[in-house]
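Position chain C against the provided structure of chain F, taking the given hints into account.
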Amino acid sequence: MTEPLVFMMGKFEARFPTDRQYAKNHMWALAALGGLRFGFSAYAVRLLQDVYFLDWSVEAGAALAERQEIGSIESSKAESALFAPMAGRLARFNEALLADPSTINVDLYGRGWLFDMEGLGGELLSPEEYLIHLEAAWKVAERTIKGQFNE
Amino acid sequence: MARITVVISQGQSANPDKRGLEEGLVGALLMESGVEVTVIPHLYDLGPGSTGMLCLEGITGDMIVASWLFPRAAHWTLDRGGIKGHMGQTLLATEADDEDDFDEDESDEAEAEAGDDKQHVGGRNLPNRTIYHLRLAAHNSPEPFVAEIKRIMSEATVQTVDLMSWIGGSPKPEQLERYLNPRKMNGQVVGAVANAKPPASPSDGDGKPAEPIRVAETPARRWYPVIDYSRCTNCMECIDFCLFGVYGVDGAETILVEQPDNCRKGCPACSRVCPENAIIFPQHKAPAIAGSALENAGGLKIDLSQLFGAPSAIEIAAQERDVELVAVGRDAVGLSVGIPKRQADKPQEPKDDLDKLMDQLDDLDL
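Going line by line, the protein sequences match chains F and C.
Here the first sequence stands for residues 1 to 151, where the numbers follow the working numbering.
Here the second sequence stands for residues 1 to 366, where the numbers follow the working numbering.
Okay, chain F solo, but in the shape it has when bound (with noise of 0.2 Å):
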């Protein structure tokens, strides 16, 4: 695997290994099992910080259409709802995550992994395009942000 893709968010060096593609959702997906696995992208950590608390509103073995509502998270300095990054069946969640979810923040690309899926990979990036999509996204970010904090 060649070197982590770094983007600047800020001051923070955010790190995207090349060994996997990417949603524009700020999901990371490699293929494993059958399937696709899918965790958090280092711009998605990045905004939330801490995970304080992780929650699936499906069941593992449900069909999922793209973008549908899949649970939430709540994190030290947000918190949001979770959508599904491919259209698909949700084989398995990573169990040891709900019990412990800041391992999330511990190792965002191995074992904090949030969910395996199987489904065709939609509109997966390139990690290349992924940082293609995060200039674009990172302006966006930062005004919601910005606007949300009054600063």
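Treat each hint with caution, since some may be false.
Some, not all, of what chain C presents toward chain F, calculated at C-beta under 10 Å [unchecked claim]: (1) G122; (2) I302; (3) L304; (4) S305; (5) L307.
If you anchor each label on the Cβ, the simulated ranges turn out as follows [unchecked claim]: (6) C:Q319 with F:E74: 54 to 62 Å; (7) C:L126 with F:G121: 56 to 64 Å; (8) C:P340 with F:E59: 45 to 53 Å.
Once the Cα atoms are required to be at most 30 Å apart in a straight line, the calculated DSBU-like pairs of lysine-lysine come out as [as the list claims (entries may be wrong)]: (9) C:K18 with C:K84; (10) F:K11 with C:K118; (11) F:K77 with C:K285; (12) C:K84 with F:K11; (13) F:K11 with F:K24.
Please keep in mind that the hints were generated in silico from the structure rather than gathered at the bench.
C-beta: ideal position from N, C-alpha, C; glycine also.
Relative to the frame of chain F, chain C by itself:
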């Protein structure tokens, strides 16, 4: 002491706590000299030509409006009704009592206007008077409101101009003393600061009413958008988006809410489409749409749903609009009509045949 009119805009609800607060405030203010109290129905429901609106039109000086709306919402609703003035600064802690921010509206507006280089329409034809807004939901008892009203009144009488800079030459000490501390001389008041009238009590017959002016009508409930012109840049996205004819342009080619009662009750779709968040629906349950100044009212955490895949504001707006179209028997249009072109960041490509066709259609000026 200056005279000021306090307008209490009653809530729609018959909730005894709300009515109690309103009446408590009326009672407390009647004891204060220099205060004229007027009670009107929910100002958002007042139509043009209604008794309540005529009453407001009759108030020419500064006024303090206490309502159940967010200050921004109240201010621009009145502006649309022809009740105009400069927005006054209040120090009443509103939604974020646990944080150290005072009234965010004015300082934010000032910063926003100073900070960005957009052309905002701004308040137009503003008479030289100030309207202060108090949000009745901010406190449970009249006392904080009375205190703030008294603070506003005393602020209005203080000369905030630096007097010393007006003095040319070198005045003698006794001249300066006379200038700064006016005293009566031969029964006349001298000096730069006029003496105020001694406080009047309700019964001393100087014309101050012992009862408030009460406008006793029950207007029908209305639902319509209110444009905050301090944010509006006249981009016309709203008039393109709304398919019910609510928006129009005035003689100065400026956007305005032309047919408010065409608006579909409960629909907030156009407010999501406005790039400046300049459209307010004062009765909507989401504080951001109802005119709250704080973007993240009620929570200290940012909402990242938009980043993580939630439908965008435009998509939600299109869905809401479709619901209303179908309800009146028209066809749903999805994203195909009147959707803002937000592709400014894409590189300019040479025009293709479709672009040329669109240009020709635009030129026809149908």
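The hints, checked one at a time:
| no. | hint | in the structure |
| --- | --- | --- |
| 1 | G122 | violated, 21 Å |
| 2 | I302 | holds, 5 Å |
| 3 | L304 | holds, 4 Å |
| 4 | S305 | holds, 5 Å |
| 5 | L307 | holds, 6 Å |
| 6 | C:Q319 with F:E74: 54 to 62 Å | violated, 26 Å |
| 7 | C:L126 with F:G121: 56 to 64 Å | holds, 58 Å |
| 8 | C:P340 with F:E59: 45 to 53 Å | violated, 38 Å |
| 9 | C:K18 with C:K84 | holds, 27 Å |
| 10 | F:K11 with C:K118 | holds, 28 Å |
| 11 | F:K77 with C:K285 | holds, 24 Å |
| 12 | C:K84 with F:K11 | violated, 46 Å |
| 13 | F:K11 with F:K24 | holds, 22 Å |
Hint violations for this structure: numbers 1, 6, 8 and 12, all remaining hints satisfied.
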